[in-house]
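Q: Sequence:
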Amino acid sequence: MFLLLGHQTSAESWGTGRAVARIPRVRGGGTHRSGQGAFGNMCRGGRMFAPTKPWRRWHRKINVNQKRYALVSAIAASGVPALVQSKGHMIQEVPEFPLVVSDKIQEYNKTKQAVIFLRRIKAWNDIQKVYKSQRFRAGKGKMRNRRRIQRRGPLIVYGQDQGIRKAFRNIPGVDLMNINKMNLLKLAPGGHVGRFVIWTKSAFDKLDALYGTWRKESQLKADYNLPFPKMANTDLSRLLKAEEIRKVLRAPRHKVVRSIKKLNPLTNTRAMLRLNPYAAVLKRAAILTAKKRQQDREVLLAEKRGIQLPKSTPAVKTKLLLERRRKQKLASKAVKVKKPPTAKKATPAPVAKPAKATKKPKKVAKSAEAKAAAPTTAAPAPTPTTPAAPAPAAPAPAKK
Numbered sequence: 001m002f003l004l005l006g007h008q009t010s011a012e013s014w015g016t017g018r019a020v021a022r023i024p025r026v027r028g029g030g031t032h033r034s035g036q037g038a039f040g041n042m043c044r045g046g047r048m049f050a051p052t053k054p055w056r057r058w059h060r061k062i063n064v065n066q067k068r069y070a071l072v073s074a075i076a077a078s079g080v081p082a083l084v085q086s087k088g089h090m091i092q093e094v095p096e097f098p099l100v101v102s103d104k105i106q107e108y109n110k111t112k113q114a115v116i117f118l119r120r121i122k123a124w125n126d127i128q129k130v131y132k133s134q135r136f137r138a139g140k141g142k143m144r145n146r147r148r149i150q151r152r153g154p155l156i157v158y159g160q161d162q163g164i165r166k167a168f169r170n171i172p173g174v175d176l177m178n179i180n181k182m183n184l185l186k187l188a189p190g191g192h193v194g195r196f197v198i199w200t201k202s203a204f205d206k207l208d209a210l211y212g213t214w215r216k217e218s219q220l221k222a223d224y225n226l227p228f229p230k231m232a233n234t235d236l237s238r239l240l241k242a243e244e245i246r247k248v249l250r251a252p253r254h255k256v257v258r259s260i261k262k263l264n265p266l267t268n269t270r271a272m273l274r275l276n277p278y279a280a281v282l283k284r285a286a287i288l289t290a291k292k293r294q295q296d297r298e299v300l301l302a303e304k305r306g307i308q309l310p311k312s313t314p315a316v317k318t319k320l321l322l323e324r325r326r327k328q329k330l331a332s333k334a335v336k337v338k339k340p341p342t343a344k345k346a347t348p349a350p351v352a353k354p355a356k357a358t359k360k361p362k363k364v365a366k367s368a369e370a371k372a373a374a375p376t377t378a379a380p381a382p383t384p385t386t387p388a389a390p391a392p393a394a395p396a397p398a399k400k
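Numbering-wise (the UniProt record's numbering), the sequence shown opens with residue 1 and increments by one.
Keep in mind that the hints were calculated from the coordinates and are not lab data. Only a predicted model underlies this, so the values are computations on that prediction, with no experimental measurement involved. Please note: incorrect hints may appear among the correct ones.
Below, a list of computed lysine to any residue pairs in the SDA-like style, where the Cα atoms sit at most 20 Å apart [said to hold, decoys possible]: (1) K181 - L210; (2) K291 - K317; (3) K206 - N180; (4) K201 - N183; (5) K311 - L321; (6) K261 - N276; (7) K87 - K206; (8) K291 - K262; (9) K181 - R147; (10) K304 - V316; (11) K181 - D103; (12) K181 - Y69; (13) K186 - G173; (14) K201 - V72; (15) K230 - R68; (16) K262 - L273; (17) K87 - Q113; (18) K166 - L240; (19) K166 - M177; (20) K181 - S202; (21) K181 - V193; (22) K53 - N41; (23) K216 - F228; (24) K311 - L322; (25) K181 - V64; (26) K122 - L83; (27) K201 - F228; (28) K181 - F228; (29) K319 - L309; (30) K311 - L330; (31) K317 - E298; (32) K262 - P277; (33) K104 - N41; (34) K166 - L155; (35) K201 - D175; (36) K221 - N65; (37) K221 - A209.
Pairwise CB distance ranges (calculated) [unchecked claim]: (38) R57 - A19: 43 to 53 Å; (39) R56 - K201: 18 to 28 Å; (40) T111 - A50: 36 to 46 Å.
The beta carbon of each residue, even a glycine, is placed where N, CA and C say it ideally should be.
I would like the entire structure built from these sequences, with the hints used as guidance.
A: Take a look at the structure:
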């Protein structure tokens, strides 16, 4: 029956060439219905888009024991302060944990009484966290009655409703739950255990009768005992540091392999500068060259058209600056005179220090002895000289 909705008519498309849409149209004539579009989700009387199939799985069957196991696990986790704080609940100033209060709050029926109560037990910080988190949802949910979102506040579990729901229902983030109708989605929203729970005395006392203990069966559920914990010691850090476990564990691998992101140097300037630091100079030179070419073009066009460019124009400023620099260079070359070469000054002869009188003869004697002891092989040997013959005596005068 569901598959026939919107299709209980005879309709066929007219095809192309008739200047009308190609949607199927009702056959026949003599009535307003003939010629109208049919079947499409945009047509009157047509079917919906992607109609809901009758074989969709609306429900999921879960074993009762599994649901109870999850529920008692969530209740146990709500009594661990570390888990509750890890979910963002502000319980730093709460006097005790798990927090059990008197049954008198079940008689509250005014929001003012509820606010005073939350302030007294130091749970108002968790409500302020909810106020600060209120914001608009991202996406199309804003159009589908899910406009605002906020964080979760405390959950109040009570034994009997004597007006407590009216007192707390207008405080943002606060949820209420009867002990006889425990809801797992409120105890562990999103499947995350560790919600801040405020118990009334009657509700807390009923937990043993509801779920039993490890030694005693439940009084309200048939053949059900509280499941034993899997870990005898819940101190996980102590277990991991135990010698029995560390002997079996593999040594940690400290080697870290990091992937290198490859960047295209043609599109990434930093990558190009790492490969070629001179690329920055080339890039700057290209920019300046293009700028100069543009300015020259502007000046040339102005000269052709006979237009006098104002001095504030960048092209004119650059031209005047270059002209001024050229004149300064020519002027500096004309004034520049070569300096005569400077003659080197003669270094003065060192002045001899006067020698002491007592030491002077010693130096002379030493020098004479050194000269006498010096070898004579260096000097040429003297040539032997023969003694000259004596000259003949003059003849004596004759006697008369």
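Q: So, for every hint listed, does it hold in this structure?
A: Status of the hints after comparison with the structure:
1. K181 - L210: 11 Å, holds
2. K291 - K317: Holds - the C-alpha atoms of K317 and K291 are around 13 Å apart, at most 20 Å.
3. K206 - N180: 9 Å, holds
4. K201 - N183: Holds, at about 19 Å.
5. K311 - L321: 11 Å, holds
6. K261 - N276: 18 Å, holds
7. K87 - K206: 26 Å, violated
8. K291 - K262: Roughly 33 Å separates the two Cα atoms, so the pair is violated.
9. K181 - R147: Roughly 29 Å between the alpha carbons, so the hint for K181 and R147 is violated.
10. K304 - V316: 15 Å, holds
11. K181 - D103: Judged against 20 Å, a Cα distance of about 18 Å means the pair holds.
12. K181 - Y69: 16 Å, holds
13. K186 - G173: 11 Å, holds
14. K201 - V72: 18 Å, holds
15. K230 - R68: 16 Å, holds
16. K262 - L273: 14 Å, holds
17. K87 - Q113: 27 Å, violated
18. K166 - L240: 49 Å, violated
19. K166 - M177: 13 Å, holds
20. K181 - S202: Judged against 20 Å, a Cα distance of about 14 Å means the pair holds.
21. K181 - V193: 18 Å, holds
22. K53 - N41: 16 Å, holds
23. K216 - F228: 12 Å, holds
24. K311 - L322: 14 Å, holds
25. K181 - V64: With a Cα-Cα distance of about 15 Å, the restraint between K181 and V64 holds, given a limit of 20 Å.
26. K122 - L83: Since the Cα atoms of K122 and L83 sit roughly 19 Å apart, the hinted pair holds (cutoff 20 Å).
27. K201 - F228: Distance of about 25 Å is beyond 20 Å: violated.
28. K181 - F228: 24 Å, violated
29. K319 - L309: Holds: K319 and L309 sit about 12 Å apart, inside 20 Å.
30. K311 - L330: 24 Å, violated
31. K317 - E298: With a Cα-Cα distance of about 12 Å, the restraint between K317 and E298 holds, given a limit of 20 Å.
32. K262 - P277: 18 Å, holds
33. K104 - N41: 57 Å, violated
34. K166 - L155: 15 Å, holds
35. K201 - D175: 18 Å, holds
36. K221 - N65: Given that 20 Å is the threshold and the Cα spacing comes to 11 Å, the pair holds.
37. K221 - A209: 9 Å, holds
38. R57 - A19: 43 to 53 Å: Holds, at about 46 Å.
39. R56 - K201: 18 to 28 Å: 45 Å, violated
40. T111 - A50: 36 to 46 Å: Roughly 44 Å apart at Cβ, these two residues keep to the hinted range, so it holds.
Checked against the numbered hints above, the structure violates hints 7, 8, 9, 17, 18, 27, 28, 30, 33 and 39; every other hint is satisfied.
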